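Put chain B on the given structure of chain A with help from the hints.
Now for the letters of each chain:
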Amino acid sequence: MSVMEKTRPISGELLELQKVICQYAVDYGLSFYEVIFELCDYETVNILAAQGGFPTRYPHWKFGMDYDQFSKGYAYGVQKIYEMVINTDPCYAYLLNANYMVDQKTVMAHVYGHADFFKNNYWFSTTNRKMMDTMANHRTKIRRYMEQHGSDVVEQFIDKVLSLDNLIDISALFETPELQRERKEIDKQAKDESLRSDDDDRSEALRSFMRSPYYKDKDKDKGEHSKKEHKKHKDKHHDKKSVKEDQEKEKAASLDPNNPTAQAEAVHALAKTGEIHKAPSSSRKDIMQFLAQHAPLTEWQSDVISILREEAYYFLPQRLTKIMNEGWASYWHSRIMTEKAACSSEITDFADHHSGIMQMSRKQLNPYKVGLELFRDIEYRWNTGRFGKEYNECENLYEKEHWDLRLKGGQAKIFDVRRSHNDITFIDEFLTPEFCNRQQIFTYKFNPRTGRNEIDTRDFLAIKQKLLTSLTNFGSPVIEIENGNYNNRGEILLCHRHYGVDLDLNYAHDTMKNIFAIWRRPINLATKYDNKEVIFIYDGKEMRPLT
Amino acid sequence: MDHPIKRDHARFRKIIKGKIREGLRKYVSSSDMVIPKGGKRFSIPVPHIETPHFRFGDRSQGGMGQGQGQGGDPVDGQPNESGEGKAGQSPGSKDIEVDLTLEELAQILGEELELPNIEPKGKHQIESRKDRYTTIGIIGPESLRHFKRTFRESLKRQIITGTYDANNPIIIPTKDDYRYKAAHTKVEYENSAVVIYMMDVSGSMGDEQKEIVRTESFWINLWLRHQYKNIEIRYIIHDATAKEVDEDTFFKTRESGGTLISSAFLLCKDIIKKDYDVNEWNIYPFHFSDGDNWSLDDTKLCLELLEKDILPVSNMFCYGQVESRYGSGQFYKDLFEKYGERSENVILSKIKNKDGILDSIKEFLSKGN
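Going line by line, the protein sequences match chains A and B. By the count of this note's numbering, the first sequence reaches residue 547 at its end, each step adding exactly one. By the count of this note's numbering, the second sequence reaches residue 916 at its end, each step adding exactly one.
Treat the hints with care, since some could be wrong.
[Stated by the list, open to error] Covered stretches of chain B, going by a simulated chain A footprint (3 or more residues, C-beta under 8 Å):
1) 611-619
2) 708-716
3) 751-762
In short, the hints are calculated from the structure, not lab data. Here the structure is a predicted model, which is why all the values come from computation and not from measurement. Note that the Cβ used here is the ideal one computed from N, Cα and C, for glycine as well.
Pulled out of the complex, with its shape left as it was, chain A reads as follows (with noise of 0.2 Å):
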């Protein structure tokens, strides 16, 4: 069955070829979940693109956006869109139809070492292989949102959100559901505590409060999830006041952010249950869920804010591995072709394509090219023995040059590295000064004196630093939230860890002001600008430094 209705699997040749290029894929030891190639037009193509490969997603401006330049760039000729595959079980793969054969065949090729990554690589373990159906879900919850609230209101608050998309934790694609479970139990434990203490002091905000959204799951899975929740939490309490009469306050309460005694009674039960200013239970840096959990919201808008997180990890595994996983795909896409696959007929059309693809550009570095040449020089060095303590001291030149211990390690190697590393850690331990050096590799500064970009250093060190300052946090400045009732007035305070560079304190005051849009009183942002350490806040008219 197709993806779309613009889409129709292959049949015929490409079919046979797909069987083809799939066994040499097995047999070179690639492994992965089935592969179900579609043919569309390039008009699909674009759509597909602009959607991040899935035939639907959510209404929103930004896929238009995508689109208008896909298009444009394919209706000048400026861009091709050249494969496209998503990490999904079955793994699904978009061919162009009026590619020719010798395409369809290193697409194919590139899609195999794709789906192999996606499968074994440690950082998708735990994706959401099924993430077709759940981005259709999206699209119909927030349609239906849309219909309920207008589109405008909606879109404005996807939008804010959207502001956040990168406010998110790396390490939380391993909160495994055994690990969710075990920390649920803690949380628990301690909240039951915290209970009995003050049982009887209880204030109706509290009691309100304790039915609330925040109340209700530290999970982040929603729907029946949360229900199943909200019913144990109701047996839970059944014992005291009318359950109705609280609900009904409770609706009121959540229904009308705007009534200031409901957010202040809100705002003071979090500080009361003396919950927040702790860290939140999961992570620091999960500020898209630390924002749905606890920042006065309606059902809708929290569920917007869980949607977009949900699908903001989706993709976050992709951006830690773009060089490995491009690298990947290609070194297997360029294998398969000149040991297997290519007819002599169609070698030179497939070099050609091949260069184009890793053309080199000296404004910035090629993934294809840069993870291709790391894995080849992976497999290289692991072949010779050229690693280690013996060989990096050896200092005899010319013993050095013709190193080669036939060890034949370097399949092994390269297949070891695709399942444990990613980008940072590929770079941090394969980078060689020899590999910079022989990929001409350097980097550039603006000269304000000249003004232009040029030249700045080839060190080694220098290039390593960069690009490993590049990856880190996924090339996201690191904030975490310190606070969430600083100075015990209900106000955020996040922190910016400076690693040497600063913010950008234009895009850091609109950032701030749709965090504010949500949370709904001050937001306070303790960073380092030109050497000195700064809090600044805002309050919903503008940012400034907190003296």
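Same frame as chain A, but now just chain B:
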């Protein structure tokens, strides 16, 4: 049915045009008009709305690249392209250089320009909805089945899948192959408008000047035709006398002689009087010259004609003056004294050289002024 992304796309277009979601406009990266760059290259800006995130500042921190060169060598060769190449962090504005056809360019111009002061006039401006069977759909009633397209689809499919046998060329369409004539609903708003070009072809206008005028009117024409369906265009050339000519002549004639601008204005007035009822038509006279009129008296006559006969019936009078070695450029000054650069229904524009053409078009037709 269109894919839902078309709705996202339409919404995006509306946002960048500032029609909805005003607040987002500030995040639209600066878009520029089409700029001719030597030969046939144009750079078209791809508009982009950036969602604010916490991100690193100091755009000049640079990036990394691959290639030859020593410390201090430029990375991009182009100065002042500051810090745009940061490693995959900020998309920034994405100017891509492309080759465009005239049609495409007109289309792009069309999104940025409009006839100034156009008003609903006459009978033609009725909003009309028409169902035109101009497209092909994959669903539809059997009565509208497009036999040829259906046949072609199944032939294509059979060839691709390898089930086509040249010796036994039987084509069996499957459900997916069927194609139907499909309707396309078009909403049309039509304003009837006439544009009257007047060009000075006197001796003082050198070949280069005429070339500029022709190029400019060519572009304006191209765009007008693209944008307004029922537009009428009339051409007048003049030296000491004026005559109406057809399009071909207008773009090709080389005349020479003295200059009496009033002759053109007189003819223009007559044409309007004869053929275009003010209540029915939007009228746009364009006049191009090097600004060198024969005598002060004639200039006086021109201004009089303009004031009494032409301006009252025109939506906008546009005067473009080409810089020439011989011309004094006096006429622009005279008009400027009276009307200023841009008054209610007069627009003046100076065209220095070929590169100034686009700016001049923009001055004439820019939106929302």
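Here is how each hint holds up against the structure:
no.	hint	result
1	611-619	holds (count 9)
2	708-716	holds (count 3)
3	751-762	violated (count 0)
Violated hints amount to a single one, hint 3; each of the other numbered hints is respected by the structure.
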